[in-house]
Amino acid sequence: MYAQMVKSEATNEDPEKLAAFQARIDAGEKIEPKEWMPEGYRKTLIRQIGQHAHSEIVGQLPEGNWITRAPTLERMAILLAKVQDEAGHGLYLYCAAETLGVSRDELTEALLSGKMKYSSIFNYPTLNWADIGAVGWLVDGAAIMNQVPLQRTSFGPYSRAMIRICKEESFHQRQGYDIMMKMAQGTPEQKAMAQDALNRFWYPSLMMFGPSDKDSVHSAQSMAWKIKINTNDELRQKFVDQTVPQAEYLGLTIPDPELRWNEEKGGYDFSEPDWSEFFEVIKGNGPCNAERMEARQKAWDDGAWFREGLMAHARKRAAAKVAAE
Amino acid sequence: MSSEWPLWEIFIRGQHGLNHRHVGSLHAPDAEMAVKHARDVYTRRNEGVSIWVVPSAAITASSPSEKGPLFEPSNSKVYRPPTFFDIPEEVGKM
Numbered sequence: 144m145y146a147q148m149v150k151s152e153a154t155n156e157d158p159e160k161l162a163a164f165q166a167r168i169d170a171g172e173k174i175e176p177k178e179w180m181p182e183g184y185r186k187t188l189i190r191q192i193g194q195h196a197h198s199e200i201v202g203q204l205p206e207g208n209w210i211t212r213a214p215t216l217e218r219m220a221i222l223l224a225k226v227q228d229e230a231g232h233g234l235y236l237y238c239a240a241e242t243l244g245v246s247r248d249e250l251t252e253a254l255l256s257g258k259m260k261y262s263s264i265f266n267y268p269t270l271n272w273a274d275i276g277a278v279g280w281l282v283d284g285a286a287i288m289n290q291v292p293l294q295r296t297s298f299g300p301y302s303r304a305m306i307r308i309c310k311e312e313s314f315h316q317r318q319g320y321d322i323m324m325k326m327a328q329g330t331p332e333q334k335a336m337a338q339d340a341l342n343r344f345w346y347p348s349l350m351m352f353g354p355s356d357k358d359s360v361h362s363a364q365s366m367a368w369k370i371k372i373n374t375n376d377e378l379r380q381k382f383v384d385q386t387v388p389q390a391e392y393l394g395l396t397i398p399d400p401e402l403r404w405n406e407e408k409g410g411y412d413f414s415e416p417d418w419s420e421f422f423e424v425i426k427g428n429g430p431c432n433a434e435r436m437e438a439r440q441k442a443w444d445d446g447a448w449f450r451e452g453l454m455a456h457a458r459k460r461a462a463a464k465v466a467a468e
Numbered sequence: 751m752s753s754e755w756p757l758w759e760i761f762i763r764g765q766h767g768l769n770h771r772h773v774g775s776l777h778a779p780d781a782e783m784a785v786k787h788a789r790d791v792y793t794r795r796n797e798g799v800s801i802w803v804v805p806s807a808a809i810t811a812s813s814p815s816e817k818g819p820l821f822e823p824s825n826s827k828v829y830r831p832p833t834f835f836d837i838p839e840e841v842g843k844m
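So the sequence lines, in the order shown, correspond to chains W and Y.
Under the numbering used here, the first residue of the first sequence is numbered 144, with each subsequent residue one higher.
Under the numbering used here, the first residue of the second sequence is numbered 751, with each subsequent residue one higher.
Derived from the structure by calculation, the hints contain no laboratory data.
In this text the structure is predicted, and so the values were computed from the model without any measurement.
Careful, some of the hints might be misleading.
In silico DSBU-like pairs for lysine-lysine, Cα to Cα no more than 35 Å straight-line [as the list claims (entries may be wrong)]:
hint, chain 1, residue 1, chain 2, residue 2
1, W, K150, Y, K817
2, W, K426, W, K258
3, Y, K817, W, K160
Using the sequences provided together with the hints, build the complete structure.
Structure representation (structure tokens):
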């Protein structure tokens, strides 16, 4: 989701150790950083938590785009707080990944070189204020679907980061829905903007959960390790079932002519997103991939003198303190 | 020389006269900046009234593989919890 298509690593280790490790996970024990773990578990987690962290950071860009153009001072303050939360979520997750033996700089460099990915959703543009509503409502709504079960994940630092994030995430979705309510109750033009935002963000939001599990070779191992708790299809179904009534309340139409309630399964039938589009976006060919990477690269390069300067200052002060003693 | 800021462990005292509690970690060039960053990263919703920052490198941890022998002395002393002793009802509250 925020971590899509995370490849799980094969593990070639002592079967006895592996069995004991699996037994701990099955018993619901948390695995902590210094404890023994299979190399595949460690590598898969670095990839997944890293991708999740990168998504939080890159995810600031589409919303940051509208901070200075928010319609009121209150909306601006709220959006600023929301974007600041995303930075915080990125930091919680980077720290969790670092407990696995990868450094922050390595993670950043892997993002910038394209070796590590971030969620496909952030490669779509936010064209107007209604999009900020749609992002909070749909994108953060989809994120919550995935993150709530991940609070129970087997790796202690990841689980604790998820618990902190979930406490804050509900604010994000509600502020988005609040924007959508205001737009939907506004002038016909404003309501049309809300509908247009829903039209553009609906399928990209469904893509956030990743391709169907039928095509996912990595799900089984990750689920056994409790790195992944639900299948992609389960979460997508849950998201649709929850979101349709919310759209109805707004008086907006989900852009899917096939959408209908299925009494038998107790959920909606709906159309799959265009997966060829998803794979194109993942490959780097989405509408905003280049722009997002450019912005991250620029922030990294422009911040270098500042990071180094503060470090030089800290070393100088530490040396002066030693000299004075 | 690497310019990556060192890692700090962050401890926060919540509102209710509790101990400082470990909440996570972050990178900062020095202790002063670590406190400022901790304010922004870990107390955006009034989670604390006081912050401690400790260089992660300064922490010595017990080894997970010695968990058994390390805590065994406490495991075997079943008489430490008060419920070990049966006090007759006639004695009253104790």
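Consistency of the hints with the structure:
Proximity of K150(W) to K817(Y) is assessed by CA-CA distance (about 33 Å); at most 35 Å being required, the pair is judged to hold. Distance hint between K426(W) and K258(W) is fulfilled; the C-alpha atoms sit about 11 Å from each other, no more than 35 Å. Distance hint between K817(Y) and K160(W) is fulfilled; the C-alpha atoms sit about 17 Å from each other, no more than 35 Å.
Of the numbered hints listed earlier, not one is contradicted by the structure.
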